[in-house]
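Residue numbers (UniProt numbering): 1 to 399.
None of these hints come from the bench; they were simulated from the model. Keep in mind it's a predicted model, so treat the numbers as computed, not measured. Hints are supplied without guarantee of correctness; some may be wrong.
With a Cα cut of at most 20 Å, we get these calculated DMTMM-like pairs of lysine to aspartate or glutamate [said to hold, decoys possible]:
1. 293 with 353
2. 13 with 29
3. 13 with 34
Derived DEER-like restraints, expressed as beta-carbon distance ranges [what the hints assert, rightly or not]:
4. 51 with 147: 33 to 41 Å
5. 215 with 184: 39 to 47 Å
6. 321 with 17: 49 to 57 Å
7. 227 with 305: 15 to 23 Å
8. 268 with 196: 16 to 24 Å
9. 353 with 30: 53 to 61 Å
10. 192 with 263: 41 to 49 Å
Backbone N, C-alpha and C fix where the C-beta goes; we use that ideal spot for every residue, glycine too.
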Amino acid sequence: MPHYRSVGSVPPKRHTQHRDPSGNLYREELMGEEGFSSDSSLLYHSGVPSAVVDATPWELPDRSTTENRPLLPRHLRLHSLFDSLDAKRLDVVTGRRLVLGNADVRISYVVAGETSPLYRNAVGDECVYVESGSATIETVFGTLTAAAGTYVVLPRSTTHRWIPTGSDPLRAYVIEASSHIGPPARYLSRYGQFLEHAPYCERDLHGPTGPLLVSGSDVEVLVRHRGSRGDAGTRYVVPEHPFDVVGWDGCLYPFTFDVADFEPITGRVHQPPPVHQVFAGENFVICNFVPRKVDYHPLAVPVPYYHSNVDSDEVMFYCGGDYEARKGSGIALGSVSLHPGGHSHGPQPSAIEKALGAERFDELAVMVDTFRPLELGEGGRACEDPAYAWTWAGRGPLS
Numbered sequence: 001m002p003h004y005r006s007v008g009s010v011p012p013k014r015h016t017q018h019r020d021p022s023g024n025l026y027r028e029e030l031m032g033e034e035g036f037s038s039d040s041s042l043l044y045h046s047g048v049p050s051a052v053v054d055a056t057p058w059e060l061p062d063r064s065t066t067e068n069r070p071l072l073p074r075h076l077r078l079h080s081l082f083d084s085l086d087a088k089r090l091d092v093v094t095g096r097r098l099v100l101g102n103a104d105v106r107i108s109y110v111v112a113g114e115t116s117p118l119y120r121n122a123v124g125d126e127c128v129y130v131e132s133g134s135a136t137i138e139t140v141f142g143t144l145t146a147a148a149g150t151y152v153v154l155p156r157s158t159t160h161r162w163i164p165t166g167s168d169p170l171r172a173y174v175i176e177a178s179s180h181i182g183p184p185a186r187y188l189s190r191y192g193q194f195l196e197h198a199p200y201c202e203r204d205l206h207g208p209t210g211p212l213l214v215s216g217s218d219v220e221v222l223v224r225h226r227g228s229r230g231d232a233g234t235r236y237v238v239p240e241h242p243f244d245v246v247g248w249d250g251c252l253y254p255f256t257f258d259v260a261d262f263e264p265i266t267g268r269v270h271q272p273p274p275v276h277q278v279f280a281g282e283n284f285v286i287c288n289f290v291p292r293k294v295d296y297h298p299l300a301v302p303v304p305y306y307h308s309n310v311d312s313d314e315v316m317f318y319c320g321g322d323y324e325a326r327k328g329s330g331i332a333l334g335s336v337s338l339h340p341g342g343h344s345h346g347p348q349p350s351a352i353e354k355a356l357g358a359e360r361f362d363e364l365a366v367m368v369d370t371f372r373p374l375e376l377g378e379g380g381r382a383c384e385d386p387a388y389a390w391t392w393a394g395r396g397p398l399s
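Start from the sequences, fold in the hints, and give me the full structure.
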């Protein structure tokens, strides 16, 4: 996060004594990135944040992936992964199904109606896009709320849990990094302030506003962490509830961002995808395509030109409106398209003429571009539309 916040009770000077009304010393914890050389926050616990009384292996959901070979564009129908009963028994953490992944980022999808276990991702930051439904996210920093269209960004090792709210199930598109996730550097000054050309600013980012104090003993926390053979899981039992932080301050904390607060950048002719960027991680970027006015040159072609991303794989999650460029391809709400590096892609041929003269596109999509090839997870393999690759040509394979 680029700006400082102070929540709850903190001492006037860091690394000095801070006591409760009975005179007991609070335990100060520094949560910091990149070995004391990047953003951090100081949290003040009533208990001991390092204390554990038990630890056992936790078997993660299926994390296996399969190479995209033969190299093909793919269409994945995420809404077919879960039935109407799943929301009554699944939670956002343990119910995730892996759709696509590589060493830098993994994309999962879940439909959930149950409260999740306490969870800590010690591998990387998470960016969760809420497709529909609503939730309260309880964290060691305090409470966040999310509804349809909300991004929830959770820094690495933030202990938290998801509590779906309302009558509709929570549909969540989960982007798990092996790095940190934050605003693109080009949006920020050298001191970390959002610049005037950025499509959003500090006012649009919402962190916890007060501490969340929960009592309890012998509490389970699931931890995803690095192992010698990839991701691993451990189930801790901690003697006191981890939500014992009376106050914190710093520049590292979870936050939410409503996609409706993203101000689209448009021009006389079609603008390239980087104008839609919202976040960045190591070897990947996150963009969102929002309802907007489109190109106003008298001869403009509003839909994207054909493009071959020689350095990246492009993943598009269609989550609202009517995506003009994909009409006739089978793409619908809840679809994911994977357009890999080495394959030229673009609009369906019929969509180009139909879009001429359009003044506005009513579409909502979340895009992830990765700079290492993506492989298919078990969820992606289970919901693939096998006809998609041939839709530009209008006929299937020769064999």
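**Report entry** Outcome for the supplied range 33 to 41 Å, where the beta carbon pair is residue 51 and residue 147
**Finding:** holds, 36 Å
Report task. Hint says 49 to 57 Å; check whether the CB-CB distance for residue 321 and residue 17 agrees. Result -> Since the Cβ atoms of residue 321 and residue 17 sit about 55 Å apart, the hinted range of 49 to 57 Å holds.
**Report entry** Range agreement (Cβ of residue 305 with Cβ of residue 227, hint 15 to 23 Å)
**Finding:** violated, 43 Å
**Report entry** Straight-line alpha-carbon gap residue 13 to residue 29, limit 20 Å
**Finding:** The given pair, whose Cα atoms are some 14 Å apart, holds under the 20 Å limit.
Query raised in the report: That 39 to 47 Å hint for residue 215 and residue 184 (C-beta), does it hold up?
Result: holds, 41 Å
Query raised in the report: CB of residue 353 to CB of residue 30, is that within 53 to 61 Å?
Result: The hinted range 53 to 61 Å holds for residue 353 and residue 30, with Cβ atoms some 59 Å apart.
Report task. Mind checking the hinted window 16 to 24 Å against the Cβ distance between residue 268 and residue 196? Result -> Between residue 268 and residue 196, where Cβ atoms are some 21 Å apart, the hint holds.
Report task. Starting from residue 293, check that the Cα of residue 353 is at most 20 Å away, please. Result -> Cα-Cα ~18 Å, so holds.
Query raised in the report: Quick one, are residue 13 and residue 34 close enough, alpha carbons at most 20 Å?
Result: Distance ~23 Å between residue 13 and residue 34 Cα, so the pair is violated.
**Report entry** 41 to 49 Å as the expected CB spacing between residue 263 and residue 192, which holds or is violated
**Finding:** violated, 20 Å
The structure fails hints 3, 7 and 10 (numbered hints given earlier, in ascending order).
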